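Enquirer: Going line by line, the protein sequences match chains F and S.
When you line the first sequence up against the UniProt record's numbering, it's residues 1 to 284, in that order.
When you line the second sequence up against the UniProt record's numbering, it's residues 1 to 375, in that order.
Each hint should be verified, as a subset may be incorrect.
Capping the alpha-carbon separation at 30 Å, the derived lysine-lysine pairs in DSSO-like fashion look like this [what the hints assert, rightly or not]:
no., chain 1, residue 1, chain 2, residue 2
1, S, K82, F, K45
2, S, K14, S, K82
3, S, K67, S, K14
4, S, K126, F, K45
5, S, K82, S, K67
6, S, K82, S, K123
7, S, K82, S, K126
8, F, K45, S, K123
Just some of the chain F residues that point at chain S, by a computed CB distance under 10 Å [unchecked claim]:
no., residue
9, T29
10, W41
11, V47
12, T112
13, I115
14, T117
15, P123
16, H199
Non-contacting residues of chain F with respect to chain S, defined by C-beta distances greater than 10 Å in every case (computed) [what the hints assert, rightly or not]:
no., residue
17, G21
18, Y22
19, V28
20, P30
21, L92
22, L150
23, I154
24, E160
25, S168
26, L181
27, I206
28, N222
29, G254
30, L278
These are calculated hints, taken from the structure and not from any lab test.
Given the structure is predicted, the values throughout are model-derived calculations rather than measurements.
Don't be surprised by glycine CBs; every beta carbon is placed ideally from N, CA and C.
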Amino acid sequence: MSTQQPPMPEAPPASGGLPSGYSSPIPVTPTHLGHALASEWTKMKSVRSTVWTLGVFVLLVVGIGLLAAVAVRNAGELDGQNPLTLGFFGLLLGMMCVMTLGVLTTASEYGTGMIRTTMTACPSRGRVLAAKSIVFFVVAFVVTLATVSLVALIQTSMLEGNGTRTPSGAEWLKATLGISLYIALLGLLSLLVGSMIRHSAGAITIMIGAVLAPLVIALFMNAGSLEKVQQALLEYSIPSQMGVFYDNTLSHSGPSGWEPLWIMLGVTAAAFAGAYALLESRDV
Amino acid sequence: MIEAVGLTKWYGDKTAVHDLSFQVRPGAVTGFLGPNGSGKSTTMRMILGLDNPSSGSVTIGGYPYRKLPNAARQVGALLDAKAVHGGRSARNHLLSLAQLSGIPARRVDEVLGVVGLQEVARKRSKGFSLGMGQRLGIAAALLGDPQVLLFDEPVNGLDPEGILWVRNLMKALAAEGRTVFVSSHLMSEMALTADHLIVIGRGQLLADMSVTDFISANSADFARVRTPDTEPQQREKLTSALTEAGGHVLPELDGALRVTGLALPRISDLAHEADVRLWELSPHQASLEEAYMRMTQGVVDYRSTVDQRSGLQQPLPPGVQPPMPVPGQGQPGWYAPPPPQPGVPYAPPAPAAPGPEAPNPYAVPAEPTKPEDSR
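One chain only, chain F, in its complex shape (with noise of 0.2 Å):
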């Protein structure tokens, strides 16, 4: 610190611990989670990526629950089969597009620097983490509810004549809401890596591995000494604990009802501890 100083005509005497001189007339409001909520609100609605892949997920579920409804019905008689059962397909390929969403929510902001803005702004690293969960979640979990729900009542008018049994109230809730909440959470997941990993390509490559590695994996371990971690490989990948919402497992002795759901909130439990660790502790 050198002693001299250039003369500070227009700097008031100091006054108490906080920088004086000069006070906004903007009244200051002391920020909570809501603030952050709606700036993520607001960030998640004005990217066209969220449009795309949002669209291009109800495009896959609905077209392909459509074709599936369309070729089942001209195959003939379904005797007693379940018509829900049906809504699987079009998720499998469309859990990429929530997956793809959650991971650009977190990584695009570290690829375009916009992370040092945001935490510039809200030095509070776990409330920002939070409001991109929650609202990310809540999109989610809204969209794919709604769209799981159109497509599943299609295909039940639509095969109505065809000889499946009506679903139960419970079948209908597991294939609705359940399987909503399943994707929602592996779409949060998705997030919670992205902000681990901090590189969207990276982050989405991991998640896509994570979804389709034990079944690749489990289809070349025919050695009778790993039959048991092959059978594990596929009772818990994620496809066949999907299916499970859709008692369409490939697998009769794996998770049943709603477990998946429960195996899923662990999982993304312990991933949003890693995130929100490593973000308190890495430089951003």
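Model the placement of chain S on the given structure of chain F, informed by the hints.
Expert: Relative to the frame of chain F, chain S by itself:
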């Protein structure tokens, strides 16, 4: 008030900032100077709590940034003009920041007006030029109407009108009693804008003084002497005579000599004694830019070299000597020698240094750049 104490940052085994201590006071524009890679941006990021210091600390108004209540309303920063999502419109970008900081949305249109981006407010920032990006970054910094402002290279990519605008904006902000901390690698720009200078090189503090002090401490007076071009031996003769008398002589590109440490009349006398005719004997003052370059020349990380084009040249015809480069001026890494010790009066009063005190012919009276919030 920004206060850094022993601020240090390592990246692996590379030290980006080493034991940096300084204060940035309110009511003045403080320039933060250093060559590329000297740690300016790292320091700025540490001030904003984006990077954690390896040791030491930096506080704003007594708080580390991440503990600062309502940080966005106390500190505004322009770090990187490209730090926006290109797919988002300028207005939505600012709106999301305003919402995050609890600033009324009306303020967004206000700052868009201040930086002159209303016309393109709803265009995606992907298509913005570098200068427009800088204006958007400045708008984001002004959004919270904060009392502490940090600008990292704010004039990059701006047109002359924009540079003048930024210069006046900084001064106006400081005149309102705010703390304004501006990094730059252009001494000439800082000489016009800043009141106080903090110079760093390789992450270490080189100078922390007012611009006036910097000018008087660093601007070296020298004399330019030219002997007849037709008689090179006269030049040699004069050089040895001046050196004997205690002067410091350096050749210049055009064949003239740059003499320091001798007063002009004494040079004339010596030339007369040595029977050398002079074509020119004139007093000069080294520019502030040169003083800054001299100060930082030892700590430049990325230094350019002369493009030798070796191996690509045609072999010279026999008997032809390759052109000898003139030592000194014009060569990378060469700067004028340090100024002589004060108290060697050898020149008539030097022309006024281009300091902030010098009236700027372009300067418009510092007008309020931001309309008062009507509420």
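Enquirer: Each hint should be assessed against the structure and marked as holding or not.
Expert: For each hint, the structure was consulted:
1. Restraint check for K82 (chain S) and K45 (chain F): satisfied, since their Cα atoms lie roughly 21 Å apart, inside the 30 Å limit.
2. Distance restraint check for K14 (chain S) and K82 (chain S): the Cα-Cα separation of roughly 26 Å lies within the 30 Å cut-off, and the hinted pair is therefore satisfied.
3. The straight-line distance between the Cα atoms of K67 (chain S) and K14 (chain S) is roughly 28 Å, inside the 30 Å bound, and the hint therefore holds.
4. Proposed proximity of K126 (chain S) and K45 (chain F) is supported: the alpha carbons are some 17 Å apart, at most 30 Å.
5. Only pairs whose Cα atoms come within 30 Å are accepted, and K82 (chain S) paired with K67 (chain S) is accepted, the gap being roughly 27 Å.
6. For a cut-off of 30 Å, the pair hint linking K82 (chain S) to K123 (chain S) stands: about 15 Å separates their Cα positions.
7. Straight-line distance between C-alpha atoms of K82 (chain S) and K126 (chain S) comes to about 9 Å, which keeps the hinted pair within the 30 Å bound.
8. Restraint check for K45 (chain F) and K123 (chain S): the C-alpha separation of about 15 Å stays at or below 30 Å, so the hint holds.
9. The beta carbon of T29 (chain F) comes within 4 Å of a beta carbon in chain S, closer than 10 Å, and the hint placing it at the interface holds.
10. A hinted interface residue such as W41 (chain F) counts as satisfied when its beta carbon comes closer than 10 Å to some beta carbon of chain S; here the least separation is about 8 Å, so the hint holds.
11. Annotation: V47 (chain F) was flagged as interfacial toward chain S, and the flag holds, the nearest CB pair being 4 Å apart, inside 10 Å.
12. Evaluation of the T112 (chain F) hint against chain S yields a held restraint, the C-beta minimum of about 5 Å falling below 10 Å.
13. About 8 Å separates the beta-carbon of I115 (chain F) from the nearest beta-carbon of chain S, less than 10 Å, and the hint is met.
14. Hint on T117 (chain F) holds. Least Cβ distance to chain S is approximately 5 Å, under the 10 Å limit.
15. Taking 10 Å as the C-beta cut-off, the interface hint given for P123 (chain F) holds, the closest approach to chain S being about 4 Å.
16. For H199 (chain F), the shortest C-beta to C-beta distance to chain S is roughly 15 Å, which exceeds 10 Å, and the interface hint is violated.
17. The beta carbon of G21 (chain F) is not kept farther than 10 Å from every beta carbon of chain S, the shortest such distance being approximately 3 Å.
18. At roughly 4 Å from the closest C-beta of chain S, the C-beta of Y22 (chain F) falls inside 10 Å, breaking its exclusion from the interface.
19. The beta carbon of V28 (chain F) is not kept farther than 10 Å from every beta carbon of chain S, the shortest such distance being approximately 5 Å.
20. Distance to chain S contradicts P30 (chain F) as a non-interface residue, since its nearest Cβ pair spans about 7 Å, not more than 10 Å.
21. For L92 (chain F), the non-interface assignment is confirmed: its Cβ lies about 28 Å from the closest Cβ of chain S, beyond the 10 Å cut-off.
22. Every CB of chain S is more than 10 Å from the CB of L150 (chain F) (nearest about 28 Å), matching its label as outside the interface.
23. For I154 (chain F), the non-interface assignment is confirmed: its Cβ lies about 33 Å from the closest Cβ of chain S, beyond the 10 Å cut-off.
24. Distance check on E160 (chain F): its Cβ is at least 44 Å (rounded) from any Cβ of chain S, clearing the 10 Å threshold; non-interface status holds.
25. Residue placement check: S168 (chain F) keeps its beta carbon more than 10 Å from all beta carbons of chain S (closest about 45 Å).
26. At roughly 27 Å, the least C-beta separation between L181 (chain F) and chain S is larger than 10 Å, which holds for a residue marked as non-interface.
27. Non-interface call for I206 (chain F) relative to chain S: holds, since the shortest CB-CB distance, roughly 22 Å, exceeds 10 Å.
28. Interface exclusion of N222 (chain F) from chain S stands, the closest Cβ pair being 46 Å apart, more than 10 Å.
29. Separation of G254 (chain F) from chain S is adequate, the least Cβ-Cβ distance of about 41 Å exceeding the 10 Å criterion.
30. The Cβ of L278 (chain F) sits about 13 Å from the closest Cβ of chain S, beyond the 10 Å cut-off, so the non-interface label holds.
The structure shown violates the earlier hints numbered 16, 17, 18, 19, 20.
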